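Engineer: Since chain R is already given, all that's left is putting chain Y on it; use the hints.
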Amino acid sequence: MPEKAMWADVSVVGIPRSLLYYRYGVLWTTFFTALGRQVVVSEPTDKAIADRGEHLSVDECCLASKVFMGHVDSLIDRCDAVFVPSYPTAEHRTGFCTKFQSVTDIAKNTFRDQHLEVISCEVGNVRKVRDVRRPFEEMAIRMGASRKEAHSAFKAAFAAQAAHDKVLADAQERTLRQIVAKRRAAQTNPNADPGLGILVVAHPYITHDAYLSGAVLDALADMGADVVFADAIDHDHAYKKSFEFSDTMPWVINRELIGAILLTEDKIDGIVLISAFPCGPDSMTDDAIMRYIQGKPILNLMIDAQSGTAGVETRVESFVDILRFQQKGGYTHG
Amino acid sequence: MAKPQSMIEQVRSSVAVELDRKRKPTLRPDKKAEKKAKHRAKHHRPMKAAFFRYCYYDPAFKFFVEQVLDVDYLPLPEATRQTTEVGVQNSSDYVCTPYKHILGDFVEALDLGADMVIQFGGPCRLGYYGELQESALRDMGYEFDMLNFAHGIEKGYLGWAKEVLSKVNPDIDIPHGVVKLKGTAKMMELLDEARDYFLAYGGFERKRGSFDKAWDGYMNELRCATDERDINQAYKHVMESFRAIEIDKPERPIRIGVVGEMFTAIDERSNLGLDHKLMSLGVEVHRMLNFTNRYLHYNEPNLRVGAKDYITYDMGPTSTLTIAAAKQYAQAGFDGIIHAKSAGCTPEIDCIPVLQKISEDYAIPILYLTYDSQTSDTGLDTRLEAFYDMLAMKKEKLS
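First to last, the protein sequences are chains R and Y. Per our numbering, residue 1 is the first one in the first sequence, and the count goes up by one each step. Per our numbering, residue 1001 is the first one in the second sequence, and the count goes up by one each step.
One chain only, chain R, in its complex shape (with noise of 0.2 Å):
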């Protein structure tokens, strides 16, 4: 039980716009709004923001990470206090890098001479709802919410976020039956468009941050390419799909994202792999995908301290043509 209500005296809360904001940001914002905060949000990462995380971070972190301390900094003097939750890797088969795990003591550590206020808690297994209403329901409490108030602020922000993940889900089902309508209206008429459904791979705060994969995503558009986000696909229904694919597989967002793979794969015509280097999970389950699904063609991007965007055009547009060549017959049925 939280001891005391040390939390009080914050009423503007700032959250960092990378990580885990692309995924569980509604569930964030919602909470602290019902509960009376005024939430900032940081701003959509640009080159100032990343180059500072740059300069705040260990050389050898990941890009993604890197970023989220340029976030935070740019939310000191914005906020009374930081929102960094913990999210487990505890759990065997639901749970997250251990990058998730540590940064609210990185962002504490990191930021110690400036005083950075972080308020934060400890979320159970991410797949039930009571271990991850108990944290939320006593960080409320540390803020001088009653039980109850921390109650209905919390069943408030998780249904939005549940609302906001199917119209994202939807979106992605429309896009994909348009896929197969669309190829369907090109064998009956040879004149017909057949589109060219893409499902892109990749950690949600990769797939929705324009700075670090706009490039990929930029190309996929001008190319006619109808794009479907794994990350979005019915996470629940994915993640029981992962099952299928590995059984030992710990992190529940790439379960998400291979049960995504498999649910998706006979409708869409490639599939592009986006990581962030050196992602540590995607190290492992990148190279599991490369050998293992197969039937469709993969192009496997990662992305660096981006600063141009030729070199991620160049290789985005290869592998269009390669699909483009493919659809038209390729080698084997010229």
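What the hints contain is simulated information worked out from the structure, not anything from laboratory work. Predicted, not measured: the structure shown is a model, and the values here were computed from it.
Covered stretches of chain R, going by a simulated chain Y footprint (3 or more residues, C-beta under 8 Å): (1) 50 to 61; (2) 81 to 91; (3) 104 to 113; (4) 237 to 247; (5) 286 to 292.
Covered stretches of chain Y, going by a simulated chain R footprint (3 or more residues, C-beta under 8 Å): (6) 1090 to 1096; (7) 1118 to 1125; (8) 1149 to 1160; (9) 1312 to 1323; (10) 1353 to 1366.
Examples of chain Y residues lying across from chain R (beta carbon under 7 Å, computed): (11) 1012; (12) 1013; (13) 1014; (14) 1015; (15) 1016; (16) 1021; (17) 1025; (18) 1131; (19) 1132; (20) 1344; (21) 1350.
Note that the Cβ used here is the ideal one computed from N, Cα and C, for glycine as well.
Structural biologist: Chain Y only, in chain R's frame:
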């Protein structure tokens, strides 16, 4: 902190185009292999099991395989350059280094005639080593069984017992196995205890190599042990011979604490003989990180209390141990700390900001070492010597 090299724009990419689906999208062994394994489990018990090379725990692994699992143990010879190279060739290039070492070990073990290899499960990337290595080895064409402790880990000991009974040997006498398992734990503990003494005094021997000789004798004696009595005997012998060695220890020697990642900070093959290099400089080495402290006696929440000025939550598999140990060394007035990890070890990289604060607060120098499969031996020598000289100068100035 940021080096200019890392800002150079880089795009790494690769393409896989395999349009015929030649195999199912799953890492599990296919039906045929599964059936074969079932048949083999029923009619031919695996004859030879092998572990990967891990520090000085080889006798304990041998004891575990022979006494608990009740199958033959295949000891591996000293690792060579070739071992690592095979591992590196068959793994993706930015996976952590222990994965590559272990994969190389498994290849060597299978070449030498093992038909079962054993892999641990764990909380970080280690939890996924087994399955990926199994698939990589099968892709290379090997046929074997893998006892992977990442299976059944969610059910703890019961899950592992089930795994062992179904995969290795259905006829294990369980009460006997439990007793022997206790023996394995005892052996681990005594290995670590003797090693601690070895590290603290090995640098001051009068006659070079006497500690190593006693240590080798200990390892040989443990390899022959069959029960707890033998283990205790061996420990008694080695401690006797350790104490009999003439040492020439200055009153205030340079003391260095080694912290870091579970594999690299201990395993002398992957850290290029860090223990011996430090001892040959005449350093008293301390290392809290070992199997005993991480697994057998590990109470993370309580350990964290000691370091609560720096950390609020558990930061990763060995992070709390790293930070608590570093803080203890700093408080105990050690001269320096060495932080050793493999390239890309996320949890230990995350410890660095915390260690930097400890270093600041206690004014204790920390040397950060990152090992990948190509780290050069001479480069390490230079760095350690420079670090030692700095500590010695600092000590002289202060005294």
